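Chain by chain, the residues:
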Amino acid sequence: MTFEIVTQELLHGFWQNCEVFALTLLMAIPLGLVVTFGSMSKFKPLSALTKVFVWVIRGTPLMLQLFVVLYVPGLVFGVPMRNRMMAALIAFVINYSCYFSEIYRGGIEGVSKGQYEAGQVLGMTKSQIFFKVVLMQVIKRIVPPMSNEIITLVKDTSLARIIAVGEILMAAERYAGKGVIWPLFYTGVYFLLFNGILTLLFGFIEKKLDYYRG
Amino acid sequence: MAILEVNNIKKSFAKCEVLKGITFSLEKGEVLSIIGSSGSGKTTLLRCLNFLEFAEEGTISVNGNQIFDGKHFEKIKETEIRENRLHFGLVFQSFNLFPQYNVLENVVLAPNLLKRDTAENNQKRALDLLKRVGLSDKIDYYPCQLSGGQQQRVAIARALALDPDILCFDEPTSALDPELTGEVLKVIKGLKSKDSTMIIVTHEMEFAKSVSDKVIFMADGVIEEMGTPEEIFQNPKSQKTRNFLNKSLEQF
Chain A
1 MTFEIVTQEL LHGFWQNCEV FALTLLMAIP LGLVVTFGSM SKFKPLSALT KVFVWVIRGT
61 PLMLQLFVVL YVPGLVFGVP MRNRMMAALI AFVINYSCYF SEIYRGGIEG VSKGQYEAGQ
121 VLGMTKSQIF FKVVLMQVIK RIVPPMSNEI ITLVKDTSLA RIIAVGEILM AAERYAGKGV
181 IWPLFYTGVY FLLFNGILTL LFGFIEKKLD YYRG
Chain B
215 MAILEVNNIK KSFAKCEVLK GITFSLEKGE VLSIIGSSGS GKTTLLRCLN FLEFAEEGTI
275 SVNGNQIFDG KHFEKIKETE IRENRLHFGL VFQSFNLFPQ YNVLENVVLA PNLLKRDTAE
335 NNQKRALDLL KRVGLSDKID YYPCQLSGGQ QQRVAIARAL ALDPDILCFD EPTSALDPEL
395 TGEVLKVIKG LKSKDSTMII VTHEMEFAKS VSDKVIFMAD GVIEEMGTPE EIFQNPKSQK
455 TRNFLNKSLE QF
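Chain order of the listed sequences is A and B.
All residue numbers for the first sequence refer to the numbering used here, where the first residue is 1 and numbers rise by one.
All residue numbers for the second sequence refer to the numbering used here, where the first residue is 215 and numbers rise by one.
For reference, chain B alone in the conformation it holds in the complex (with noise of 0.2 Å):
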């Protein structure tokens, strides 16, 4: 059974259509990659996941059980909401820590207010989450000391620490350096096994090839292009997928 079936997602903004019925599924343990060129909707669907934004039209299911539908988004409660998020979790762009608590303190706050364990216990998951991302010797710096490869596993941590079903990362390289990409990348493959689901928003070409076990291509709120990664990179169907990689391998 899949752990995530998404079917028919559609989300507008105005009048401009983000989304124009997306479906897609993702069993237990896979990497799903997500490429397109920027106002794709790749953001916004991965937003949708994590009830960032409410789509209008389609469903979400996690484990076999809706826990979206778009017809009765209005009545949702807000508790309701919350308990379908953790289903999920989300490393942003811009990593978004905590900046008055330190590193050990960012990871065990969630979990400690929604009162997951023990204080004692989420302390000891943090720590081993931290050694996971290789910030053990971090742990009680803020993170206006740390760089920003730093801080963004600092967020793959306090992702991890809430145990969801379907990780979610939204182009988790691009606010970094070029040097800084290779160790948060190195992470998130690092995370990748049996038990963990994983969607990657990425414009990283390489990374998506060798980490992904399926890759979709978007163009313009649809889903263009799905497929295994070598049929999306080495033998795309679609002439928007060709010219989109054609332009993302270009060397100067």
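In isolation and in its complexed conformation, chain A is listed as follows (with noise of 0.2 Å):
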């Protein structure tokens, strides 16, 4: 059982868990703007109905969710989810999407009144202000709340172990089951390193919008 041996088995295992971080941001991204638009709706019903969602979302364990979806399909509907993976994904989505619907909104809401006012002036349309004008101001405003639960994410993925996901962490308590320890500490590099990057791009990225302020 040699390190390059481990190392590789390890690898492997990570690769599952960049995967649920790669599908989750790419759908939870986007379905975050969605959530939020629900939840600022002027139509009472709406906005009522997404903050109760996003409250049970938000007010239960990522860990409990997991179970809900492997489960829940198969004993309340007789349709049991089959692909582990895609439950895994499914979980996570709409957990990080209503966390990120919060975030946009924090953005959104900081965008002052008189920058619509100005766009209203000028005659353009809704959708001119929120994209040419409003947009640009929220993401500087996002990028360092998003950076937080961006890294938060890359360490929930180990999560999906829980409905046995073979993730980096499943991968290592197999060699620990066999007696040996050090593989499990060993995984740690490897959310170190990839955060580490994380951490740089979003640094860059942050610069890149330092050209102004406000």
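Derived by calculation from the structure, the hints in this document are not laboratory data.
Keep in mind it's a predicted model, so treat the numbers as computed, not measured.
Take the hints with a grain of salt, since some may be wrong.
Claimed, not checked - The calculated lysine-lysine pairs, modelled on DSS-like cross-linking and capped at a C-alpha distance of 30 Å, are:
1. B:K451 x A:K126
2. B:K403 x A:K113
3. A:K126 x B:K289
4. A:K42 x B:K229
5. B:K338 x A:K132
6. B:K352 x A:K208
7. A:K42 x B:K291
8. B:K329 x B:K451
9. B:K289 x A:K44
10. A:K126 x B:K291
11. B:K338 x A:K126
12. B:K229 x A:K44
13. A:K113 x B:K224
14. B:K451 x B:K242
15. A:K113 x B:K352
16. B:K408 x A:K44
17. B:K289 x B:K234
18. B:K291 x A:K132
19. B:K285 x B:K428
Assembly of the complex is requested from the two constituent chains, each provided in isolation within its own frame, with the hints serving as guidance.
The following block contains the structure:
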């Protein structure tokens, strides 16, 4: 059981983490915006419903949500969830959409009313105001809280292990089961490296957006 | 024919009646100053003209065409509001420049989005306007790199870029340090010509006196007194006007 073999085995597991991470981001980033529009809607029933939904998702453990997505389709609707990866993805996407939506909402509400009014008196349409005036300011505001959340997501992917998605910690536990404990600690290096790259990336983006204030 | 006719505009917020029937008209090329203490409804009046608020009663006509009637305001379509807004330009107290765009981009953004002309011509016009407000050397600066006075001058150029029939100023110098007020007032004064009609809400009495053709003194949501600068500042008829002018001219 050499270092190289363990490294490769763990890398294989970590690939699953990367998959959950990338697909969750890809779907939760736009879906979060939909949730935001729901919770900010002037149509009261829709905004109330969305807020309750966000409360439930943010108020319960992601681990519990993984179980729910895995078991409830089979228990309640008689269609068992066979694909564990799929179950993990659904739970992650829903969970992170709700967190992202709150960040977006904060970002959108942080843009002053004057910016909208300036767009209005210049004859812009609502969508022109959103995309040409407001959006860039929202993006600048949300980069720091989003990077926080995205780094948390990297680590949360290991929770998929609880419904037996063969991610890196599960791979390491197999060694631990055989009495070799160090691969378990070694997994930390993978997360650290990955998050190190992300941190550099977010720093770069923040710097890129630093040319203006407000 | 009057370029602007405002007839019996009324506006309330909740139970509080802010405008209690405002009527005035303005000829092309005239400069109107609106003075009065805070809370008298000056800003609300400007916001009603720019359709940032909607009056519940009264009419607004531009060039003889009625563009707004309080009776039907709930039925007006978004596109119609947008078209009508373009008769007016508004310069805000707090500038409200778009921070992510540089000076030139701030000025050309709306003309380009509205496809006023080719991008090239829009830019040429924007450069002319920036020259007029004395900012030719700052076109690639971002708002955060400019002083308040410079920002307000960009905002004036931005409003002029759409060539409004009537340009409104909502306390354009109230957010500025005293030493920056002069440069903005000078620019506004420089805009005065036979083609440009302006409405200026201001607390700068000396400025109002020197730039206006017509002055309105507002108090408690009504026009207390209206007249030429001489009439208002030298021979105010109303006691309220006299009190207000005495207070604002008080020296410390």
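Has the given pair, A:K126 with B:K289, been kept, meaning a C-alpha gap of at most 30 Å? holds (18 Å)
CA of B:K285 to CA of B:K428, is that 30 Å or under? Holds, at about 29 Å.
Next pair to validate is B:K352 with A:K208; report whether the Cα-Cα distance is within 30 Å. Within the cut-off at roughly 21 Å; holds.
Is the hinted pair A:K42 and B:K229 satisfied, with a Cα-Cα distance of at most 30 Å? holds (23 Å)
Do the alpha carbons of A:K113 and B:K352 lie within 30 Å of each other, as the hint requires? Satisfied, since the Cα-Cα distance of roughly 26 Å is no more than 30 Å.
Within a Cα-Cα threshold of 30 Å, do B:K289 and A:K44 meet the stated pairing? holds (22 Å)
Given the hinted pair B:K338 and A:K126, is their Cα-Cα distance within 30 Å? Given that 30 Å is the threshold and the Cα spacing comes to 27 Å, the pair holds.
Going straight from one Cα to the other, do B:K403 and A:K113 come out at no more than 30 Å? holds (29 Å)
Given the hinted pair B:K408 and A:K44, is their alpha-carbon gap at most 30 Å? violated (51 Å)
Between B:K451 and A:K126, does the CA-CA distance stay at or below 30 Å? Not satisfied, since the Cα-Cα distance of roughly 46 Å exceeds 30 Å.
Does B:K291 pair with A:K132 here, judged by a C-alpha cut-off of 30 Å? Judged against 30 Å, a Cα distance of about 22 Å means the pair holds.
What's the verdict on B:K338 and A:K132, does the C-alpha distance respect the 30 Å limit or exceed it? The given pair, whose Cα atoms are some 21 Å apart, holds under the 30 Å limit.
Violated hints, in rising order: 1, 8, 16; the structure is consistent with all others.
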